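Protein chains: 2
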Amino acid sequence: MKSMFEYNWQVRNEWFSWCEEVPKEELLKERIGGVGGILKTLYHIIDVEYSWICEMQGQIPKKQEFHAPFESWATLEKMKDLSNLYHQKVIDFVLAWDPKMEQEYITEQNADGEIEIFKFGEIMRHVIAHEIHHIGQLSVWSRELGKKPVTANLIRRGLF
Amino acid sequence: MKSMFEYNWQVRNEWFSWCEEVPKEELLKERIGGVGGILKTLYHIIDVEYSWICEMQGQIPKKQEFHAPFESWATLEKMKDLSNLYHQKVIDFVLAWDPKMEQEYITEQNADGEIEIFKFGEIMRHVIAHEIHHIGQLSVWSRELGKKPVTANLIRRGLF
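Protein sequences appear in the order of chains X and D.
According to the working numbering, the first sequence is numbered sequentially starting from 1.
According to the working numbering, the second sequence is numbered sequentially starting from 1.
Rather than coming from a laboratory, the hints here were simulated on the basis of the structure.
Since we're looking at a predicted model, the values are computed, not measured.
Treat the hints with care, since some could be wrong.
[What the hints assert, rightly or not] Keeping only pairs whose Cα atoms sit at most 27 angstroms apart, straight-line, the calculated DSSO-like set for lysine-lysine is:
#1 D:K29 to X:K29
#2 D:K40 to X:K148
#3 X:K147 to D:K40
#4 D:K2 to X:K2
#5 X:K119 to D:K2
#6 X:K29 to D:K148
#7 D:K119 to X:K2
#8 D:K119 to D:K100
#9 D:K29 to X:K147
#10 X:K100 to D:K119
#11 X:K148 to D:K29
#12 D:K100 to X:K119
#13 D:K100 to X:K2
#14 D:K80 to D:K24
#15 X:K29 to D:K147
#16 D:K100 to D:K2
#17 X:K100 to D:K100
#18 X:K89 to X:K2
[To be verified] Some residues of chain D that are not near chain X, with every Cβ distance over 12 angstroms (derived):
#19 F16
#20 P23
#21 K24
#22 C54
#23 K80
#24 Q88
#25 K89
#26 F93
[What the hints assert, rightly or not] Facing chain D, from chain X, some residues (calculated, C-beta under 8 angstroms):
#27 M4
#28 K119
#29 E122
#30 R125
#31 I132
#32 G136
#33 V140
#34 N153
#35 L154
Note that CB positions come from ideal geometry on N, CA and C, so glycine has one too.
Let the sequences and hints guide you as you build the complete structure.
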């Protein structure tokens, strides 16, 4: 579990470095697919990871957005700050993860008024898969820009 | 571990269904990013998963390609056949997975002549992340085609 979060954080930071070499207009440009842009994708990844971790800690409703909207974080430097701002809480939760937490759960009312149950083990894997999926989208946009994407390889990262 | 493989197999099958409604020219069309096309991506996912599983079983070198090249499997029906053909071996390995296998390893000589060590736990997570990453690329191409992509959500799949 921890190694896959570590993987995502490494890859995310490599994408931040990749962004350094891309004009800011391209980072903000509206694109087809996913949430529609490079910086928006990074924002969305940070948002979703943080929100689920908070919800497992019983702190904020998952659907509650950041107090500041995307537009307030819409530069590369601010996005890195946002990632760092929430990282400590996320890392504390992930590093404290214990298999005993697998079966803990939260409940949530969906749009149809039904109560849904999400186990912590399910949420953690959802968060992992969520980031990897969106990073795959960045890799297509990278090639559209004529740039080599960050490697998605999980091997050769010193994680094991 | 098992749940993330199950997730990938569910999503893969949903992409096969998605492909049913797409003209075959679009499935074969060369695209920017990833391995360059929709069916090619599915082939690559199947290839990589199967090859690593075989290598952990000591059966074939990972780099050995399928005996038949992509062109021999380049229809939706054949690609589904290919996925099914190799699935039993993959599923047997995954379902027999035991945390004790985490530290088992294989060695491989890389292009520089250096010996690399890959632990089974590392390989398994690499295979999981590999498929999710490439599926993210399919989702962009889906939107380019004006079609809704298969959901990447891991929650609400009855996996937990």
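Each hint tested on the structure:
no., hint, in the structure
1, D:K29 to X:K29, "25 angstroms, holds"
2, D:K40 to X:K148, "19 angstroms, holds"
3, X:K147 to D:K40, "21 angstroms, holds"
4, D:K2 to X:K2, "16 angstroms, holds"
5, X:K119 to D:K2, "16 angstroms, holds"
6, X:K29 to D:K148, "21 angstroms, holds"
7, D:K119 to X:K2, "16 angstroms, holds"
8, D:K119 to D:K100, "12 angstroms, holds"
9, D:K29 to X:K147, "21 angstroms, holds"
10, X:K100 to D:K119, "25 angstroms, holds"
11, X:K148 to D:K29, "21 angstroms, holds"
12, D:K100 to X:K119, "25 angstroms, holds"
13, D:K100 to X:K2, "17 angstroms, holds"
14, D:K80 to D:K24, "14 angstroms, holds"
15, X:K29 to D:K147, "21 angstroms, holds"
16, D:K100 to D:K2, "14 angstroms, holds"
17, X:K100 to D:K100, "18 angstroms, holds"
18, X:K89 to X:K2, "14 angstroms, holds"
19, F16, "18 angstroms, holds"
20, P23, "19 angstroms, holds"
21, K24, "21 angstroms, holds"
22, C54, "16 angstroms, holds"
23, K80, "22 angstroms, holds"
24, Q88, "24 angstroms, holds"
25, K89, "21 angstroms, holds"
26, F93, "18 angstroms, holds"
27, M4, "6 angstroms, holds"
28, K119, "5 angstroms, holds"
29, E122, "4 angstroms, holds"
30, R125, "5 angstroms, holds"
31, I132, "4 angstroms, holds"
32, G136, "2 angstroms, holds"
33, V140, "3 angstroms, holds"
34, N153, "7 angstroms, holds"
35, L154, "4 angstroms, holds"
The structure shown violates none of the earlier numbered hints.
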